[in-house]
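If you're matching them up, the sequences are chains A and B in order. Numbering-wise (the working numbering), the first sequence opens with residue 1 and increments by one. Numbering-wise (the working numbering), the second sequence opens with residue 1 and increments by one.
To be clear, the hints were calculated from the coordinates, so they are not data collected in a lab. Quantities reported herein were computed from a predicted structural model and do not represent experimental measurements. It cannot be assumed that every hint is accurate.
[Claimed, not checked] Here chain A is said to cover these stretches of chain B; the calculated rule only asks that three of the stretch's residues, wherever they fall, bring their Cβ under 8 Å from a Cβ of chain A:
hint: 1; segment: 77 to 88
hint: 2; segment: 124 to 133
hint: 3; segment: 150 to 164
[Claimed, not checked] Calculated cross-link-like contacts (lysine to any residue; reagent style SDA-like; alpha-carbon spacing at most 25 Å):
hint: 4; chain 1: A; residue 1: Lys72; chain 2: B; residue 2: Ile19
hint: 5; chain 1: B; residue 1: Lys136; chain 2: A; residue 2: Ile305
hint: 6; chain 1: A; residue 1: Lys216; chain 2: B; residue 2: Ile19
hint: 7; chain 1: B; residue 1: Lys140; chain 2: A; residue 2: Pro6
hint: 8; chain 1: A; residue 1: Lys14; chain 2: B; residue 2: Lys38
hint: 9; chain 1: A; residue 1: Lys288; chain 2: B; residue 2: Val114
hint: 10; chain 1: B; residue 1: Lys38; chain 2: A; residue 2: Asp302
hint: 11; chain 1: B; residue 1: Lys140; chain 2: B; residue 2: Pro127
hint: 12; chain 1: B; residue 1: Lys136; chain 2: A; residue 2: Pro6
hint: 13; chain 1: A; residue 1: Lys325; chain 2: B; residue 2: Val114
hint: 14; chain 1: A; residue 1: Lys268; chain 2: B; residue 2: Val161
hint: 15; chain 1: B; residue 1: Lys37; chain 2: A; residue 2: Asp333
hint: 16; chain 1: A; residue 1: Lys72; chain 2: B; residue 2: Met36
hint: 17; chain 1: B; residue 1: Lys38; chain 2: A; residue 2: Ile370
hint: 18; chain 1: A; residue 1: Lys325; chain 2: B; residue 2: Lys93
hint: 19; chain 1: B; residue 1: Lys93; chain 2: A; residue 2: Asp333
hint: 20; chain 1: B; residue 1: Lys93; chain 2: A; residue 2: Lys343
hint: 21; chain 1: A; residue 1: Lys343; chain 2: B; residue 2: Gly23
[Unchecked claim] Non-contacting residues of chain B with respect to chain A, defined by C-beta distances greater than 10 Å in every case (computed):
hint: 22; residue: Arg39
hint: 23; residue: Tyr94
hint: 24; residue: Leu121
In this text, a Cβ means the ideal position worked out from N, Cα and C, and glycines have one as well.
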Amino acid sequence: MNYRGPYRVRADHKPYPEIQHPNDAIVRVTRSCICGSDLHLYHGLVPDTRVGMTFGHEFIGIVEAIGSSVEKLKVGDNVLVPFNISCGSCAFCRQELYGNCHESNPSATAVGGIFGYSHTAGGYDGGQAEFVRVPYADVGPTIIPADMDPDDAVLLTDVVPTGYQAAEMGGIQKGDTVVVFGAGPVGIMAARCAWLFGAGRVIIIDHIDYRLEFAKNYAKCEAYNFRSLEDPVLFLKKTTDWLGADVCIDAVGCEAAGNTLQTITGRKLLLQAGSATALHWAINSVKKGGIVSIVGVYGPTDNLIPIGNVVNKGLTIRANQASVKRLLPRLIDHVQSGRLNPKGIITHRVPLEEVSDAYHIFSSKIDNCIKTILIPPSARN
Amino acid sequence: MENEIIEKKESLEDINSDIVGWGVDADPENDPTYPMKKRTNEEHQGYSWDRPPQQPINIEILHSNERPNVSATFGTSSPLSGVSGEIRRYAFKYSENDNRHWLGLLLADRVNVVEGIVDDLSKGHIPNYFAERGWKAGMKHHPEEIVKKILVTALVTTVVVSWFFSSSGSKKPKLGKLLKR
Ligand SMILES: NC(=O)c1ccc[n+]([C@@H]2O[C@H](COP(=O)([O-])OP(=O)(O)OC[C@H]3O[C@@H](n4cnc5c(N)ncnc54)[C@H](O)[C@@H]3O)[C@@H](O)[C@H]2O)c1
Ligand SMILES: [Zn+2]
Ligand SMILES: [Zn+2]
């Protein structure tokens, strides 16, 4: 795929990627996904998104070539590739902060390298392609267990670890009431994983009915449409005996709807780094001393949030890009033991050549779309 | 009191017995949880770890001025070019803390879109807006939205094109020069 400008992408021929570092691998992609994060690029909100770039940070594939220092992979291996590019040797990687690597992104110190995610995240072409260059091949890529469905594997590159980490960062204790803002793939997975940590009640908030309905069934949680609540924060206070939720999770990020001022200043005029409506609601709906966990993505400038309430309520805010590699062993076990069913959220399987239509459908939230996977021609036979 | 708590715990498990895996990862000791959990403070030693080998820097790579170097690996998608490239170079004079950095990059992105169209045309490729925007799928699932979008696009294009042709001669060479770079 080839980005041409906001809301414009197309399938195109590009040169075959080359090994550029001794620890690189070239992977022939067998499946990739479109993520809510890609929409921030697609909508032109991420600075330094250059025309000609290939997006895609959620992909699996077969190792096609390896650099001279690669030891853990061989040609022909079937691998899932975490969305973060991590060197494994910097101080941050060594603390398992694989989403915060210091040796994979020259352009910004605030974010590690991410496949296909603008030059602000390193300028790497991504996996919505037939072939992709994978740096640090000995660190990120993980061999897919033979008995694992590739549809499950591709969701382990981002959605499952991100949803899981959202719940983990919430520090959920048994019996806690957890509110998840956003019923996209990430929010749905966060709601599902909140139960693994022993939540007593899980509530999901969105404004798209088909997604709420899906979340209710898939994650076995309560689901509410904020458009039918006069004030979602007031509703959440009332339903938690007027005290607020123990944990609130922001799985929406910078394209939140629901507040005109936020939408105009954040999404239309770009006076803020996107609209912070969901985060605003999360801060105001959590109890005193509670925890707000943020996985929704925001731009690098500023956002309007009620920071005074964070102080006065004594809140803890935890946030990060998911550290995929750190979580994989536990999550592979959850999938293999049947506790998690990632592929259950896939609603669309689209040939890579129809990438423009796939983006339009996912972005417009039509056709009951939850999660879309793209399949390159070579993987279709 | 203790019994009460135990009872409560049991009932929680009962209530959630239909949820596969309920509570399997519950851990009262998990505090502070990630990202603080594995803190080792080794960064107190400074930027002193054994760096991975450096990927050869054979194209122009802009690096944040909040770091001393180019990271050991980097991506090589869409190298700097044209007017947008100039704007990006300018933006990288400022730190990530400075809005001139990010707003400059956003401006460059918009200019880059025009460069992309010129590049397409120069290769004899007329960008198919309808297809690139996925409006084929759009027409199937929400045709009224797409028709609205097409009308708005047509209106904006008409206004821009008529401004371009009606504006005084002095503006045309300027724009032409901008597009050529
Ligand atoms: N931190 C990470 O590692 C990481 C990884 C993947 C995705 N993300 C981010 O997570 C977010 C969600 O991703 P996704 O794939 O689920 O995206 P998505 O676009 O499919 O889902 C977002 C959902 O939020 C809903 N929404 C909008 N405004 C809302 C509001 N005010 N309150 C509640 N819901 C609202 C939308 O209707 C939509 O259903 C994105 O910002 C994405 O960039 C972060
Ligand atoms: Zn993603
Ligand atoms: Zn690192």
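Evaluation of the provided hints:
no. : hint                   : verdict
1   : 77 to 88               : holds (count 4)
2   : 124 to 133             : holds (count 6)
3   : 150 to 164             : violated (count 0)
4   : A:Lys72 with B:Ile19   : violated (37 Å)
5   : B:Lys136 with A:Ile305 : violated (39 Å)
6   : A:Lys216 with B:Ile19  : holds (13 Å)
7   : B:Lys140 with A:Pro6   : holds (21 Å)
8   : A:Lys14 with B:Lys38   : violated (41 Å)
9   : A:Lys288 with B:Val114 : violated (50 Å)
10  : B:Lys38 with A:Asp302  : violated (29 Å)
11  : B:Lys140 with B:Pro127 : holds (22 Å)
12  : B:Lys136 with A:Pro6   : holds (17 Å)
13  : A:Lys325 with B:Val114 : violated (39 Å)
14  : A:Lys268 with B:Val161 : holds (23 Å)
15  : B:Lys37 with A:Asp333  : holds (22 Å)
16  : A:Lys72 with B:Met36   : violated (29 Å)
17  : B:Lys38 with A:Ile370  : violated (34 Å)
18  : A:Lys325 with B:Lys93  : violated (34 Å)
19  : B:Lys93 with A:Asp333  : violated (47 Å)
20  : B:Lys93 with A:Lys343  : violated (45 Å)
21  : A:Lys343 with B:Gly23  : holds (22 Å)
22  : Arg39                  : violated (6 Å)
23  : Tyr94                  : holds (12 Å)
24  : Leu121                 : holds (12 Å)
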